[in-house]
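A.B. asks: Listed here are the chains, written in short residue letters.
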Amino acid sequence: MTSLRTRAVTGGILLAVVTIVLALAGLGSFMNAQTQTRFTDLLRNRHSQAIVAAASYLDRPDKLGRTLGDPAYQRPFSGEYWQIQSPEGAVYRSPSLVKAALPAPTGSSTERRSIEYVGPTGNLVVGISQWIILDDGSRWHVQVASSLDQLEAELDAVRQSLLSAFAIVAFVGVLGALAQVAMILQPLNALRKDVSARWEGENGLEVESYPVEVAPLVTDINGLMDRNRDIIRRSRRQAADLAHAIKTPSAIMRNELGALENKGMPVQDALEALDRLDAQLKRSFARMRADGGENAVGVFTDLDAALGRMQRAFSALARNAEKEFSADYEPDLRVRMDQSDFEEVMGNLLDNALKWSEGRVLLTAKRSDDNSVIIMVADDGPGIPQEEIAQVTRSGHRLDVSKPGTGLGLAIASDLINAYGGDILLSRSEVLGGLSAVVRLPSSGSSSLDHG
Amino acid sequence: MRILLAEDEPMLANQIKSVLSTEGLAVDLAVDGAEAQFLGETEPYDVIVLDLGLPIRDGITVLKNLRAGGNDTPILILTARNDWTDRVDGLDAGADDYVTKPFHMAELSARVRAMIRRKAGKANPVFSRNEVSFDSRTNQVMVNNVPINLTAQEIAVLSYLFHNAGRLVSRTELSQHIYQYEGDRVSNTIAVFVNRLRKKLGSDLIETVRGRGYVIKAVA
Numbered sequence: 001m002t003s004l005r006t007r008a009v010t011g012g013i014l015l016a017v018v019t020i021v022l023a024l025a026g027l028g029s030f031m032n033a034q035t036q037t038r039f040t041d042l043l044r045n046r047h048s049q050a051i052v053a054a055a056s057y058l059d060r061p062d063k064l065g066r067t068l069g070d071p072a073y074q075r076p077f078s079g080e081y082w083q084i085q086s087p088e089g090a091v092y093r094s095p096s097l098v099k100a101a102l103p104a105p106t107g108s109s110t111e112r113r114s115i116e117y118v119g120p121t122g123n124l125v126v127g128i129s130q131w132i133i134l135d136d137g138s139r140w141h142v143q144v145a146s147s148l149d150q151l152e153a154e155l156d157a158v159r160q161s162l163l164s165a166f167a168i169v170a171f172v173g174v175l176g177a178l179a180q181v182a183m184i185l186q187p188l189n190a191l192r193k194d195v196s197a198r199w200e201g202e203n204g205l206e207v208e209s210y211p212v213e214v215a216p217l218v219t220d221i222n223g224l225m226d227r228n229r230d231i232i233r234r235s236r237r238q239a240a241d242l243a244h245a246i247k248t249p250s251a252i253m254r255n256e257l258g259a260l261e262n263k264g265m266p267v268q269d270a271l272e273a274l275d276r277l278d279a280q281l282k283r284s285f286a287r288m289r290a291d292g293g294e295n296a297v298g299v300f301t302d303l304d305a306a307l308g309r310m311q312r313a314f315s316a317l318a319r320n321a322e323k324e325f326s327a328d329y330e331p332d333l334r335v336r337m338d339q340s341d342f343e344e345v346m347g348n349l350l351d352n353a354l355k356w357s358e359g360r361v362l363l364t365a366k367r368s369d370d371n372s373v374i375i376m377v378a379d380d381g382p383g384i385p386q387e388e389i390a391q392v393t394r395s396g397h398r399l400d401v402s403k404p405g406t407g408l409g410l411a412i413a414s415d416l417i418n419a420y421g422g423d424i425l426l427s428r429s430e431v432l433g434g435l436s437a438v439v440r441l442p443s444s445g446s447s448s449l450d451h452g
Numbered sequence: 001m002r003i004l005l006a007e008d009e010p011m012l013a014n015q016i017k018s019v020l021s022t023e024g025l026a027v028d029l030a031v032d033g034a035e036a037q038f039l040g041e042t043e044p045y046d047v048i049v050l051d052l053g054l055p056i057r058d059g060i061t062v063l064k065n066l067r068a069g070g071n072d073t074p075i076l077i078l079t080a081r082n083d084w085t086d087r088v089d090g091l092d093a094g095a096d097d098y099v100t101k102p103f104h105m106a107e108l109s110a111r112v113r114a115m116i117r118r119k120a121g122k123a124n125p126v127f128s129r130n131e132v133s134f135d136s137r138t139n140q141v142m143v144n145n146v147p148i149n150l151t152a153q154e155i156a157v158l159s160y161l162f163h164n165a166g167r168l169v170s171r172t173e174l175s176q177h178i179y180q181y182e183g184d185r186v187s188n189t190i191a192v193f194v195n196r197l198r199k200k201l202g203s204d205l206i207e208t209v210r211g212r213g214y215v216i217k218a219v220a
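Residue numbers (our numbering), protein chains in the order written: chain A, 1 to 452; chain B, 1 to 220.
In case anyone wonders, no lab produced these hints; they're calculated from the structure.
Keep in mind it's a predicted model, so treat the numbers as computed, not measured.
Note that the Cβ used here is the ideal one computed from N, Cα and C, for glycine as well.
A few of these clues could be false.
[As the list claims (entries may be wrong)] Here are the simulated lysine-lysine pairs, PhoX-like style, with alpha carbons at most 25 Å apart:
#: 1; chain 1: A; residue 1: K323; chain 2: B; residue 2: K119
#: 2; chain 1: A; residue 1: K355; chain 2: B; residue 2: K199
#: 3; chain 1: A; residue 1: K282; chain 2: A; residue 2: K355
#: 4; chain 1: B; residue 1: K217; chain 2: B; residue 2: K119
#: 5; chain 1: B; residue 1: K119; chain 2: A; residue 2: K355
#: 6; chain 1: B; residue 1: K122; chain 2: B; residue 2: K217
#: 7; chain 1: B; residue 1: K217; chain 2: B; residue 2: K199
#: 8; chain 1: B; residue 1: K122; chain 2: A; residue 2: K323
#: 9; chain 1: A; residue 1: K263; chain 2: B; residue 2: K17
#: 10; chain 1: A; residue 1: K99; chain 2: A; residue 2: K63
[What the hints assert, rightly or not] According to the in silico footprint, chain A covers these stretches of chain B (three or more CB under 8 Å from chain A):
#: 11; stretch: 2-12
#: 12; stretch: 124-136
Just chain B, with the same shape it has in the complex:
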């Protein structure tokens, strides 16, 4: 899953980015409103975390511009202001949720995950297919109720495929959603991750459609 984080305070931005990255999310950072809008319009994000107090172009304007341009990516606003007016401005302009500063990192991460899940139209945070289950809240993967250790990249691939279960996902799409902007996108590394996943979780979970991509069949 790929996240756009628009936050101008470098220290806070790095804290958020490092926490989300260890949870298997690819995070692009925008440090001002103009950059946030440009990235939001050009890259396929799964969630945008938008600070309202951005320089150059404020968060509300970015939000309105993105929505006016037909972008329906779930947007979580971050606000340092106490007043509800600020939050209501954001929600009214098309944000899906808000978190007020100062916040607990765990809460931010939980909100982001919940937004990803709602976007995918999945009510249950725990995905399972046959003997494999994936808890999107904790990134916990189990095979026959035995916990399995996965790397962040493996989790990223599995999570994206589970969230889009029943739909064919191309290698390009997959790489777009598991790598951040600066990262090197080599699509054959995707094949490497998929192979490792098959070894750890069984070969029938992820099916390959030759020349087109991967799919996890509709989950329970």
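So here's chain A without its partners, still in its complex pose:
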């Protein structure tokens, strides 16, 4: 599993490091050259100053010290030195040299020569020396020297400031990368939230409300959601078709066997086998349907419509049985369950209640505080003893064989309810005294859809 965020941040940091290293190298060498040039210029200026001094005081060379009054020349071993040799061979030096001397002149060229050598304190110095011929024809040797310590110190300072400047740049860069990642990933985060929030919506996501780069993904997600719904629908249909295809031959066999039985033939085993086959089929289809429910996306049931249908259907059935069916439910309820699955649950529960009741069946539905809807089906029948309640919702258990049916109704309802993250509680009805089935189903957030 790769994280886009980690990748983007790592990429950002790598890019920043490479940029900083290159910038540091480039800028560093440029500033080094600048500092070197400045150092050389300064030394040349000092040399020119010394030449001017020599020319001005050629009569009184002992005054040279006063003309070259830079304090750096006065401080002993300050790193700045001068030394002038008169035509007569007298040598004048800056006080900073104390008793030391710069190297004696070599050759007689009037070219300016720049050399590096060990200075009076044992450190490297750069010196400029030159024979000059003044207007009166006299030859003077003028040299100045400057310690490289100063240059080193300056270069260090430059490097320091460069490093701290780039540290700030790097820090801001990483922050920027993070911010950029957050901004770029924002539509993806929104998409993730939308996908889970609109899980129950019918119309999928709005492609136009996402950036062009994400839009194809949104289209794909919509496609997948549609496909998912379509697959569920199709497998339902296939299961129903299969049921249809098997049931009619099964009914024919049952009738033939019934006719044989009436003629006194021993067909009990065959009838029982047929019963098992039918029960197994019913169970398998119910299971298939419960498995589909778990993965269903974008489904919900409007209880006004669904319970209205159940109410009309069961009022008719109750009339047939000469029993009384009443329903009382809050308006605008919605549950996160496929409508045919919901009707399957309600059909099984109400059918069971009607079958066992003495005369009254009651259906109620109301919103519960914790985002769920509570539906209760109660009857005034014998109920189920406490110790047998756990069995009923288990597969294939049938408590009483005195009434027709496969005895799977409660188990089928229970499977479906669980598949949708709901639960069912069976107990003695306080209102009617018979069995009470209380079903809790997750409410479908209709309001967030309508206003979002």
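Let chain A serve as the given structure and place chain B on it in line with the hints.
C.D. replies: This is chain B only, laid out in the frame that chain A set:
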């Protein structure tokens, strides 16, 4: 009593038809939705047994069309689908009851009889007048608690008159409800059946209103 059976599977249709016929019910068979709707709209049935999975026009559509046309004949739907949605669709569209396939023939027959009785507004399945009693669940006829054997046609006539007790039933109406569509309706055969019934059950049970029809006076 006359039944319309709309079922496209020929073998099952014949099984149902033969069982209901031996119980004294006249059964017309429709093998597709269009035929079922046509017969339902044109013939006076006492109950319609309607399979939901019919070709040409599905059962729900037939059901809705019949109800929309003001037909209030009791309708029993047959469905092979497991889901309640299918049954609820049917009941919501105006069906009175349902039976799911595979079913026990006895159950189908009991439901049909119960629907006929409810249609007639009779709560008690056992009709009796004076010393004669008729159990609509079993077709058992007794005179002074002695069982009497009747033919299917005799039962059909007696059953229709008992279900409509207190009301004058014309010969035409009677023949419409005891003969199936293809059967020859000769109204003087009705007179033959009535005479046989009088011989077996006593002459004062069924009264003749000359030129108009027959009546069993209101029963207990």
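A.B. asks: Now tell me, hint by hint, if it's right for this structure.
C.D. replies: Against the structure, the hints come out as follows:
{"no.": "1", "hint": "A/K323 - B/K119", "in the structure": "holds (17 Å)"}
{"no.": "2", "hint": "A/K355 - B/K199", "in the structure": "violated (43 Å)"}
{"no.": "3", "hint": "A/K282 - A/K355", "in the structure": "holds (19 Å)"}
{"no.": "4", "hint": "B/K217 - B/K119", "in the structure": "holds (18 Å)"}
{"no.": "5", "hint": "B/K119 - A/K355", "in the structure": "holds (22 Å)"}
{"no.": "6", "hint": "B/K122 - B/K217", "in the structure": "holds (14 Å)"}
{"no.": "7", "hint": "B/K217 - B/K199", "in the structure": "holds (18 Å)"}
{"no.": "8", "hint": "B/K122 - A/K323", "in the structure": "holds (16 Å)"}
{"no.": "9", "hint": "A/K263 - B/K17", "in the structure": "holds (19 Å)"}
{"no.": "10", "hint": "A/K99 - A/K63", "in the structure": "holds (18 Å)"}
{"no.": "11", "hint": "2-12", "in the structure": "holds (count 3)"}
{"no.": "12", "hint": "124-136", "in the structure": "violated (count 0)"}
In the structure shown, a violation is registered for the earlier hints numbered 2 and 12, in ascending order.
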